[in-house]
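The chain contents come next:
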Amino acid sequence: MATKYIRNFSIIAHIDHGKSTLADRLLERTGTVSQREMEDQLLDTMDLERERGITIKAQSARLMYTAHDGQQYTLNLIDTPGHVDFNYEVSRSLAACEGALLIVDATQGVEAQTLANVYLALEHDLEIIPIINKIDLPSADPERVRKEIEDVIGLDASEAILVSAKTGVGIDDVLEAIVRRVPAPEDAPDRPLRALIFDSHFDAYKGAIANIRIMEGSIKPGERICMMASGKEFEVIETGVFLPQMHAVPLLECGSVGYLAASMKNVRDCRVGDTVTKSSAPATEPLAGYRKAVPMVYCGLYPVENNEYDNLRDALEKLHLNDAALLFEPETSTALGFGFRCGFLGLLHMDVVRERLEREYDLTLITTAPSVIYHVYCTDGAMIPVDNPSLMPDMTKIDRIEEPFVKTTIIVPKDMVGTVMEISQNRRGQYLTMDYLDESRVSLIYDLPLCEILYDYFDTLKSATRGYASLDYELNGYQASPMVKMDILINGEIVDALSIIVYRDFAARRGRALVEKLRSLIPRQLFQIPIQAAVGNKIIARENVAALRKDVLAKCYGGDISRKRKLLEKQKEGKKRMKQFGNVEIPQEAFMAVLQVDDT
Amino acid sequence: MIGLYVHVPFCVHKCIYCDFPSYGGVSHYIEDYVQALCREIDGFTGTDQADTVYFGGGTPSLLPTQHIQCILDHLRRKFFILDNAEITVEANPDSMDAVYAAALASIGVNRISLGIQSFSDDMLAFLGRIHSAAAGVKAVRAVQDAGIDNVSIDLMYGLPGQTLEMAAYDMEMLSGLSVTHASIYHLIVEEHTPLFYGVQQKKILLPADESNEAMEGNIHAAMHAMGFQHYEISSYARPGYVSRHNCKYWKYVPYIGFGVSAHSFYEDRRWSNIANIPAYIGRAGRECVIHEVITIDRMRAMEDYCFLALRMRKGIVYSDFARRFSCSIESEFGTILNQLLNRKLLENTYQGCCMTDLGLSYGNYVFSQFLR
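Chains A and B supply the protein sequences, listed in that same order.
Residue numbering for the first sequence is 1 to 600, as defined by full-length UniProt numbering.
Residue numbering for the second sequence is 1 to 372, as defined by full-length UniProt numbering.
Derived from the structure by calculation, the hints contain no laboratory data.
Each hint should be verified, as a subset may be incorrect.
What the hints assert, rightly or not - Simulated pairs of lysine to aspartate or glutamate, EDC-like, Cα-Cα distance not exceeding 16 Å:
1. A:LYS278 x A:GLU216
2. A:LYS550 x B:ASP122
3. A:LYS564 x B:GLU210
As the list claims (entries may be wrong) - These stretches of chain B come out as covered by chain A in the derived footprint (C-beta under 8 Å, 3 or more residues):
4. 37-50
5. 245-257
6. 263-277
Each residue gets a CB set at the ideal place from its N, CA and C atoms; glycine is no exception.
Chain B with its partners taken away, still in its complex shape:
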């Protein structure tokens, strides 16, 4: 069962931390881009079953619902999308209201991921977000009122000027919203972003490591207290509401991405599309829009499998590894697993192994041990 991803690269305004393929001020391309997307979908060879569709961005909620419907129609014609499929649209609070939410619900969208990021107006202004804290709350309510109960919100911590109290306030606000899912992650200073240059020139001061760790600990405790499961490094869900689409990335399940810069994983290949919007519009459905293809050999497949699986709290299921690669994980990674188990970075589960809390704190170190 594969997953389908659609990338919508448009934003009203690019945030200072964002190094993602999203662009402000190019909304005049939207019409042509949607048509190009439909052409790319039509031209795809393959008729797999899919049980997730994910509109990511950028800001997919900038698309009028008829565009989203059009894309979904083309996907349904090409793939066999299950009736109970999870269909997610990422949205910005400022482009989400009761009317829009109801329209999305009517075309089959059953999950909304809202880019709230923070419930502090100061933090939002700093990040370059165009919505207010109040708008975030309003957007969540609007979606729920439209009958879409599966709502995820994104929150960030480790923001310049953010205090422990502010992070606690975000948790308090979250608890009042009865959302089903939250992605909570640290602000990452990516190169070539305004944030990066600000930090480099010491115009932007990030919180101290200790403060970040404390925030993270508090957030973790608060989410647990509210009944959320920490099922993946940066994701929390109420029982039954894990993001089925995102899990495909970690569970080594194939997915096909459409649109600029979209990533795909199918059989033994990973590929990504070109990033240039006009070029994509010109080529989609007529010629190849693939930017880069990487063939995954057996060795790399096993390595990827392990470090991706460890992002999930459930960890690696040894029988699944054996089924997939026709060899035991011990024969391939026995020494590494033992070392990590001895150092209490991993712990045994009844069907394999998973990260300990310590391991989680040094995730990248643990992951890198699997690369040979």
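If we strip away everything but chain A, and leave its shape as in the complex, we get:
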């Protein structure tokens, strides 16, 4: 099959602008999936994805479409993850395409993620087809949105397609536009194989499966391949395409999208962004843009019951098979016992992993507050990366601490600009630029410390702007900041799992808020418990958990012992989800308290 009948495209959109629904309609209209098999958001396979309405894992599907010119075309749809945590995956998916459908909600217009994704697509030189979705809604204003696409993004929107993915209006126009406007892949069947891995997943029977786009050459089972970044070699067992379920084919030709299985033991053998070539006739250069996924956020995961440690390790290993970006290594906490320090791409990634561990593996976990990686420069010149506050070197040995900053784009209605600026400046944001998108909306760009975003920036922003603000960010290097380690002492002893790293000038305020919060979370015990926040040896905040109310003298009437016993059993039941720390029992929630304090 000649490449001129192949079209590779992805769909980019801000969250909730209708990406998955449009994908569903395309699958349905081309007969790829029958009406009977159709369920909402077909490409979101995890329960979590459907519940949260987000795409976490990229999925692909081959659509066979007979166009108005009478020709049958192979349209390869590559669905992309819809969250800033997975930006790198998005960029690899886009690199595997020649075109992208840009969906903009007809009622909301251009949002922060729309912009971020468009820039990514433009970087890869993709043909962008603007689509204005949800035109069936009464509040839809396609003309305003069309103008916004032109003014804000600078795309020609005169041919933007008006669609209602919900009702199916405009779907045929979308399919025709893909055929007409997205360029066919370059036809280079005779060059040495270069295939881009844009995603991977683990299959219980076939091992790690690489989702690939053949850029040059072709591939078939039996051939030996080499991963150009890792240098690992494998023999191809199976090649196939996505219908969207996996379907074996004898050959993947130049320009096509599909998968390969090669007895790879885990997904780290086929890292996203790596280039597949043949061992016998290797390409000289890999495809551009490979990057190892680097976790940005770390936290400790501990089983509530110590005997669940092995189960937690097994569960993490299983998730790890399918998730190259998840890092974990054993760590020990005096407060929490044995657990793991885990690295994630972002907060959503962390949330998803934690929730899957609890849901799919039936574990009860304590999560410590997330931390970024600090670069700690010691007086002896060494740089120590610190992702766990309790491992911060002694302050006297530290020359300076650098923390990660992110370039943050916030789009808001113009009357909320003041609010956003205040929130950003309160969290040490450095103002970069501001642009008017149209008469009513503004795009603000701030350089913000990542730790403040993890802390409460996003939630505060969302609630202060009543959900109107949209946000996107990308890593923007490290800067020196006066950070200090703040310890929490409960009953006079440091609870290592509660230590945090905080901006020096915020320490007093945050310390007060945190001990106040802990006071409300830690149940009264037989004696008064002081809760203190300390920086170095200096106590900066203190609260007391009052001693448990003494029992009153109760009479036990008429020998009703069973009733008395029931009361005691009830009292005992309430203590189950506590961690014993010295003489003090600390509930699970306390370890996440640092994220829930309101110190503004």
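Position chain B relative to chain A; hints supplied.
Quick look at chain B alone, frame taken from chain A:
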């Protein structure tokens, strides 16, 4: 040696804090109820020796003495009741006078427990009690004049509006009455009582914790100064006057209860009777009146034994535990005992261990540690 309990569920008027099986306005059932009690006693299989009989309520003193005599006769026919048995009748001050007390004495009753609750008319009115402070004093004197010297009174503290001075006044009044025993306990807000709803709707304000603790401390000191022994969490006695019947509950000694909602403990079972008076009258002596039976396995028996024993100031006697369960208490509860001893909630005695003052303040916590 077992104990016998008879429940009399009748009251003139139900108090606002009471969630007990007692009912006002159903006195027309009294005659039939007493007959039903006698039938239940007659139908019991067992011929144990008993050294205590306890008429509890409700208000047993609402029964005419011939009814009490009739019940005692049936008990004596069924069980072997020792000559020196402790025979207690609970009474309300308003239904106790010289004539009634003398009648009780004549049929063998040798201990009266009076529900005084308070020597403040305001407090009594609040609680919904129908007697006055003066009536309380009069009732104690009447009983003593009738020759029953073993008199216990119930007092409550932690009442809404109660001050430290009022609690001290109660102690002063008690000291002038030469009673032998007192049950002193805190007002407990039980669910489904008028008190509970009043507190919930903030119409009734309870004293602050600190005030309650101070009252408790003062009461404790005053009772000691008067020569009372604090022998059980809520009970004080002059030497030789502990309530033999109530001690059976804490010492893991069997007891049989008759009447509605009565509780029994015999061999490895605990059971309770049905609560409905007409149903009880219809069934007693003809069919089973048991509401619920719980079989106590070995594990539960050991747990119950420990936390019940700790209600007594004397605490757990290790040799008694070993004799009863054929194993040492250390092998079963060693870790828990050590923890509680280390935390000064328990202290060693020459034959076992008992609660410290601190332990007493957190009794429920200590007890719950024994449940596994």
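Hint check results:
Simply put, LYS278 of chain A and GLU216 of chain A have alpha-carbon atoms about 11 Å apart, close enough for the 16 Å limit, and the pair holds. For the suggested pair LYS550 of chain A and ASP122 of chain B, the alpha carbons sit about 27 Å apart, so the restraint of at most 16 Å is broken. The hinted pair formed by LYS564 of chain A and GLU210 of chain B fails the criterion: a straight-line CA distance of about 25 Å is larger than 16 Å. Figure legend: the stretch 37-50 of chain B, annotated as covered by chain A; annotation inconsistent (0 residues with Cβ-Cβ distances under 8 Å, at least 3 required).
Counting residues of the stretch 245-257 of chain B whose beta-carbon sits less than 8 Å from any beta-carbon of chain A gives 4, enough to reach three: the coverage restraint holds. Here the stretch 263-277 of chain B counts 5 residues with a CB under 8 Å from a CB of chain A, which clears the bar of 3, and the coverage holds.
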